[in-house]
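Participant: One letter stands for each residue in the lines below.
2 protein chains.
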Amino acid sequence: MNLTGKMLIGQQAVAGSREASQAIDPATDEPLQPPYAGGTIEQVDQACALAWAAFDSYRETSLEVRAGFLETIAEEIEALGERLIERAMAETGLPRQRIHGERGRTCQQLRTFARTVRAGEWLDVRVDRAQPARQPLPRPDLRQRQVPLGPVAVFGASNFPLAFSVAGGDTASALAAGCPVVVKAHGAHPGTSELVGRAVARAVARCALPEGVFSLLYGSGREVGTALVADPRIRAVGFTGSRSGGLALCQVAQARPEPIPVYAEMSSINPVFLFPAALQARGEALAQGFVASLTQGAGQFCTNPGLVIARQGPALERFVAAAAERVQRSPAQTMLTPGIFQAFEAGVGALAEQPLARTLATGLPGEGPNQGQAHLFATQAQAFLAEPALQAEVFGAASLIVACADAEQVRQVAEHMEGQLTATLHLDEADLDEARALLPTLERKAGRLLVNGWPTGVEVCDAMVHGGPFPATSDPRTTSVGTAAILRFLRPVCYQDFPDALLPAALRHGNPLQLRRLLDGQREARQHA
Amino acid sequence: MNLTGKMLIGQQAVAGSREASQAIDPATDEPLQPPYAGGTIEQVDQACALAWAAFDSYRETSLEVRAGFLETIAEEIEALGERLIERAMAETGLPRQRIHGERGRTCQQLRTFARTVRAGEWLDVRVDRAQPARQPLPRPDLRQRQVPLGPVAVFGASNFPLAFSVAGGDTASALAAGCPVVVKAHGAHPGTSELVGRAVARAVARCALPEGVFSLLYGSGREVGTALVADPRIRAVGFTGSRSGGLALCQVAQARPEPIPVYAEMSSINPVFLFPAALQARGEALAQGFVASLTQGAGQFCTNPGLVIARQGPALERFVAAAAERVQRSPAQTMLTPGIFQAFEAGVGALAEQPLARTLATGLPGEGPNQGQAHLFATQAQAFLAEPALQAEVFGAASLIVACADAEQVRQVAEHMEGQLTATLHLDEADLDEARALLPTLERKAGRLLVNGWPTGVEVCDAMVHGGPFPATSDPRTTSVGTAAILRFLRPVCYQDFPDALLPAALRHGNPLQLRRLLDGQREARQHA
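Which chain is which? The protein sequence lines are A and B, in order. The UniProt record's numbering numbers the first residue of the first sequence as 1 and each following residue consecutively. The UniProt record's numbering numbers the first residue of the second sequence as 1 and each following residue consecutively.
Worth flagging that the hints you see were computed from the coordinates, not collected in a lab. Honestly, I wouldn't trust all of these hints.
What the hints assert, rightly or not - Residues on chain B that point at chain A, a partial pick, calculated with CB under 10 Å:
| # | residue |
| --- | --- |
| 1 | Cys-207 |
| 2 | Gln-251 |
| 3 | Val-252 |
| 4 | Pro-261 |
| 5 | Gly-467 |
| 6 | Cys-494 |
As the list claims (entries may be wrong) - Selected chain A positions facing chain B (in silico; Cβ < 10 Å):
| # | residue |
| --- | --- |
| 7 | Ile-85 |
| 8 | Arg-126 |
| 9 | Arg-139 |
| 10 | Gly-521 |
Quick reminder that beta carbons are idealized off the backbone N, C-alpha and C, glycines included.
The following block holds chain A by itself, in its conformation from the complex:
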């Protein structure tokens, strides 16, 4: 199968006619064929019209059919074989093992949502039966289920060409909820997007679903994305990317006659707190783990540890020396795109010239284009509290160590932080009281708290939260990774005094789907194990 450079509007491969974008192999700066011409406003309209036409039918597919569809997508992605791996490597500069792992994660994610769909808990069925004899007024029969919001626009991320892109977490959770999806492909990996998009479209056909369940659009500027979010048939947006990009989409969504939710995962520097006993006992091991997390994947993770907070003193100095030494020995790595490399260079350049911070270490230079060198900076708590620029995310392997005078200053720094995806605590038994005192602050600031680990590595499971207060995301009430992500695309509907013949299956008398309903205030036991 050759790459065509075409979009997918339902089952139709269609060429755009606007300015083309072309992938660049960041390891060589060579363009990769073919060019991907951008979609027109009319093509956005067609994709949205198809999605809308598919919605009422797709949202009432059985749990089994919908779960099977998600599993078929996973099969079709796996069937792409090495072609997918090689194209993704070329478009991102990421090593084979990483892309292999990410493909596995993407397919596991689809299968995990299939399991979630089948379990049906997301329907949140609540039944309050009629009480005809109640005084002073009878109570009607009331039944609630969750229904999907409508077609969802998904914006692929640059840094996970599979797991956060065309068939990534946003798409999987929206499809699981019963929402058709229109993807705006990320311009950095259009070929990978085309391959995966075709796999999804084949799964749509194999499962005999309406074609509008999935479309894939390209666009080099903001025109396609803006038109997509402004389209009245789009009812929610999933986005992973920059703060400015996310906020721009939020503004478009809010300015619509009918505003819609935007789930934008944007900006996080993922503070790591090193408590005194742990720092004293194992500063060298902490430095090793920290630099490994910092430099993994050229630091291009939303959960990259960009901030380290500890109390000043000899133990911190030993940690700093060990971390600096490891950063100095870190080889440069090819970054995802020339644009990301340039933004990283600008970000570390600004920190290097910032009078309130000093450069502790710079990694080894690389050969060839787009070689990101790790950077480690240091500052004092007073400076961090005074200078907002020290909190700006630098996407890549850059981190700032903040030295604090005492536990109270650690708390002040924590309170001063913007919202985060993660906060990490390294502690020993003797640190428990001090850590416990900091927890209320961290719970208010971050979506995931870790003890004695590193924030990179986001498990796809029921308990994961990949989210957090602004600006980590535009909506802290949700997660974009893990099965709870399905809840983003649902709304409740209540059915009052409906005859059984009109009720959806999930709400019918006799509970044919065998759901654990909340029945007259009590949670039902499962009827079959």
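Starting from the known structure of chain A, arrange chain B on it as the hints suggest.
Facilitator: Just chain B now, with coordinates in the frame of chain A:
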């Protein structure tokens, strides 16, 4: 206990110093003592500072303490006795029986949320245990719970001086979630607000909670409300009122450096669909039920049936004649405030002058001020589809009957409607197929669908949805009535590899709160019955 005209900033009764608002007895247009001076920006700041100071402590109260607090509020409201009933009657013009019923509903609502808090399902505990031997990477231990968003600003509604006001559904659900509440009292019933506010403050004291858990502010213009929503310590907003008021608060919330969710319940005309067989069989009974629902409480309900849709023909003509006759005999009723009465007069006046609609009937005139007369209008589907003004909410006893040529035109009218709180279907066995065909549209348009009932009357229970797509509310993903309202004020936090000593009780090994957790993908059985 005399009314003081003072606000409550925590436990302190404090006089405002801005322009005073004064309640007016709408039956006489006489002002009611005392005047309520508006709060200053500094007083808003004080209330928010207290709420913030209370948050970390209040949010970690045990389920039992928090449930007991809600029950204590109910007790304290009941202890206000007839004083509360009489003041609410004077401030609203509503009859004794209605206020009595509303007090009962308000206290039942608090007790229902107490039950919900104790059951703990809202914590949505998910546990994925560590898999140290997993390949290629071990899985960490991951545990998720819901935590409250932070202090919530609540804006009381004019039309439910108890159930949607100071200790109404928004306040009860926010307190249940663990959020301190700062109420901006509605200017139409400040005395009722003061009485209830003092009851809440006494419950705070009796339960030995931090005083900032509850404050009550007054303000005659938009200054206090705007400052409240803009305050960085406020993390969510509950509002019931007009579309313009709700949208203004949404704009303030979105313009903050850290935007926050606004749950605004705004505008709904609650379509009623009369299907052919039902209309043929019992047009007279339907007319009787319709007019009773339309005129109940002077039509001042969010769920008032402001739109009736049916196929034209003799059966509809008989319904129209019977409904018009009943409307003509309807006595005028005192409306809640002079402002609401004037807005109602303007709304029905505009419809009366609308060339695309005709007046079918006007109710009896009343004596004295603010006497709202019921109004019934008719139009054709083509006109409804062409003229947006025919969809505008007229708050009060006014309704528009839309005659359609056929089932397809009924569907067009339904698709053309804005988002609604409710949609009602009157049907007989022979109507089932036609009703079924309309359901997908109605599920997309409304939060609650009713068969053979009337939309007024909103049960407080687990399955209720009082919400719906824009402009019914600003956020269709939730409900403002019923126990699911607690979910509005929560966000998930994940704890990775936490030692038991640092975990919150809900997540500890051994499950000390006996919650039905989602454990390694399986829902646990309750350990104690």
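Participant: Taking the hints in turn, state whether each one holds.
Facilitator: Quick rundown of the hints versus the structure:
The criterion of a C-beta within 10 Å of any C-beta in chain A is not met by Cys-207 of chain B, whose closest approach is roughly 20 Å, and the hint is violated. At a threshold of 10 Å, the smallest CB-CB gap from Gln-251 of chain B to chain A is about 9 Å, leaving the interface hint in force. Taken as an interface hint, Val-252 of chain B does not check out: its beta carbon lies about 12 Å from the nearest beta carbon of chain A, beyond 10 Å. Interface hint status for Pro-261 of chain B: upheld, as the beta-carbon distance to the closest one in chain A is roughly 7 Å, under 10 Å.
Restraint check, Gly-467 of chain B versus chain A: the minimum CB separation of about 7 Å is within 10 Å; hint holds. Of the supplied interface hints, the one on Cys-494 of chain B holds, with its beta-carbon coming within about 4 Å of a beta-carbon of chain A, less than 10 Å. Taking 10 Å as the C-beta contact cut-off toward chain B, the hint placing Ile-85 of chain A at the interface is violated, the least distance being around 16 Å. Among the interface hints, the one on Arg-126 of chain A holds; its C-beta lies about 4 Å from the nearest C-beta in chain B, closer than the 10 Å criterion.
Nearest Cβ of chain B to the Cβ of Arg-139 of chain A: about 6 Å, under the 10 Å cut. The hint holds. At its closest, the beta carbon of Gly-521 of chain A sits 6 Å from a beta carbon of chain B; the interface hint therefore holds under the 10 Å criterion.
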